[in-house]
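Number of protein chains: 2
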Amino acid sequence: MEKKIITISREFGSGGRTIGRLIAQKLNIPFYDSELVKQISLESGFAPKFVEEHGEHSPGNSLFSYAFAPQGVPGVMNGLSTADFLWNIQCSVILQIADQGPCVIVGRNADYILKDRADVLNVFVHADKEFRAERIVRLYGNSEKTPSARLQEKDKRRRVNYQHYTGRTWGNAENYHVCLDSGVLGVENCADIIVDIISKSK
Amino acid sequence: MEKKIITISREFGSGGRTIGRLIAQKLNIPFYDSELVKQISLESGFAPKFVEEHGEHSPGNSLFSYAFAPQGVPGVMNGLSTADFLWNIQCSVILQIADQGPCVIVGRNADYILKDRADVLNVFVHADKEFRAERIVRLYGNSEKTPSARLQEKDKRRRVNYQHYTGRTWGNAENYHVCLDSGVLGVENCADIIVDIISKSK
Numbered sequence: 032m033e034k035k036i037i038t039i040s041r042e043f044g045s046g047g048r049t050i051g052r053l054i055a056q057k058l059n060i061p062f063y064d065s066e067l068v069k070q071i072s073l074e075s076g077f078a079p080k081f082v083e084e085h086g087e088h089s090p091g092n093s094l095f096s097y098a099f100a101p102q103g104v105p106g107v108m109n110g111l112s113t114a115d116f117l118w119n120i121q122c123s124v125i126l127q128i129a130d131q132g133p134c135v136i137v138g139r140n141a142d143y144i145l146k147d148r149a150d151v152l153n154v155f156v157h158a159d160k161e162f163r164a165e166r167i168v169r170l171y172g173n174s175e176k177t178p179s180a181r182l183q184e185k186d187k188r189r190r191v192n193y194q195h196y197t198g199r200t201w202g203n204a205e206n207y208h209v210c211l212d213s214g215v216l217g218v219e220n221c222a223d224i225i226v227d228i229i230s231k232s233k
Numbered sequence: 032m033e034k035k036i037i038t039i040s041r042e043f044g045s046g047g048r049t050i051g052r053l054i055a056q057k058l059n060i061p062f063y064d065s066e067l068v069k070q071i072s073l074e075s076g077f078a079p080k081f082v083e084e085h086g087e088h089s090p091g092n093s094l095f096s097y098a099f100a101p102q103g104v105p106g107v108m109n110g111l112s113t114a115d116f117l118w119n120i121q122c123s124v125i126l127q128i129a130d131q132g133p134c135v136i137v138g139r140n141a142d143y144i145l146k147d148r149a150d151v152l153n154v155f156v157h158a159d160k161e162f163r164a165e166r167i168v169r170l171y172g173n174s175e176k177t178p179s180a181r182l183q184e185k186d187k188r189r190r191v192n193y194q195h196y197t198g199r200t201w202g203n204a205e206n207y208h209v210c211l212d213s214g215v216l217g218v219e220n221c222a223d224i225i226v227d228i229i230s231k232s233k
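Each protein sequence line maps, in turn, to chains V and E. The opening position of the first sequence corresponds to residue 32 in our numbering, with each subsequent residue numbered one higher. The opening position of the second sequence corresponds to residue 32 in our numbering, with each subsequent residue numbered one higher.
It is worth saying that the hints were derived from the structure and are not from the lab. Fair warning: there could be bad hints in the mix.
Note: identical chains are not told apart, hence a pair may lie in one copy or across any two.
What the hints assert, rightly or not - Computed list of lysine-lysine pairs in DSS-like fashion (alpha-carbon distance at most 30 Å, straight line):
no. : residue 1 : residue 2
1   : LYS80     : LYS57
2   : LYS233    : LYS160
3   : LYS231    : LYS80
4   : LYS57     : LYS233
5   : LYS69     : LYS187
These numbers come from a predicted model, not from an experiment.
Excised from the complex, chain V in its bound form (with noise of 0.2 Å):
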């Protein structure tokens, strides 16, 4: 089965964006990161800072949860909590944009959502703490909480998100069909193997 939609789920500092925007490049089709994030906020009435930041995080709390319903559409929550409006929203946004053809998502929970195309190539990167570490030192620069906090906080966000609208383990191979170490690997032989498999699957 040809495989035209590549979403990748990636640890924080992995290079998983990185490796999506290579591919992306590579196979000339477009790459939904910030892009996604803009039509979300767009579809939503979030801003696209709180999309972002809200987006792949864990669920929080039901109290403090619908604090933040978008302004200049009121009732449109229909009673739902942000996460779950935002999620909602999400998913119609990935959906769309998996039906105008080939295309490169990174995050969002985006292998989930699209489990029912054939055409998909869900792919997980991941590399371990010290590569993650430099890697968002250098890109990011420094903060006041150590990197490792860092990495901890973001991967655990993700996690939780993950398990809660999806039901399944993150970072566990079964949901990938490919997960490729980025430390041990190269965040730029990464982009490589995935547009072979790409190329190959035509």
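Please build the complex by placing chain E on the supplied structure of chain V, with the hints as guidance.
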């Protein structure tokens, strides 16, 4: 870092053993599967069939697990349970094999046993239950148990054994450098993907 040794961990029926054999053929390097069983049998004094059945399986309860001391080698188990004794021999044989040069090793927690070597590529092969059920009936025939029960039982025993001796979760992407879904990618293709990765690491 050049990868010379390939370990293949696999779900039962996923074609991991066939993939390993194909990789070994294509790279013209030794393939250890039944050969490994023979060597462990020779060093441990256990019959090959016993090693085959217990080397990757759950450690068993302590009462039962002292009942199979090898014939002709009284006292060599030094108070270890049968499973622990077999594990020690297994580690020693796998470390020796790795020292001898490039090879493919299927199963027996070789990924963990060789974790201190930088020239090892750890691969995990999995596939959905339908693909594996069809494959085990085609290759190994029917038995009194359903294919689904056979898959579940064998995978559970491998999982428990891995967890017990390595402290890691079997099938967690983080433990392996490459995980592949052989049902979606195809058995031959999986072998080619690994051969390409090995060739590029040189």
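Checked hints:
1. LYS80 with LYS57: For LYS80 and LYS57, only the intra-copy Cα distance (29 Å) is at most 30 Å; the inter-copy one is 50 Å.
2. LYS233 with LYS160: between (36 Å within a copy, 25 Å between copies)
3. LYS231 with LYS80: Neither, since 38 Å and 40 Å both go past 30 Å.
4. LYS57 with LYS233: both (16 Å within a copy, 23 Å between copies)
5. LYS69 with LYS187: Intra 24 Å, inter 44 Å, cutoff 30 Å: intra-copy only.
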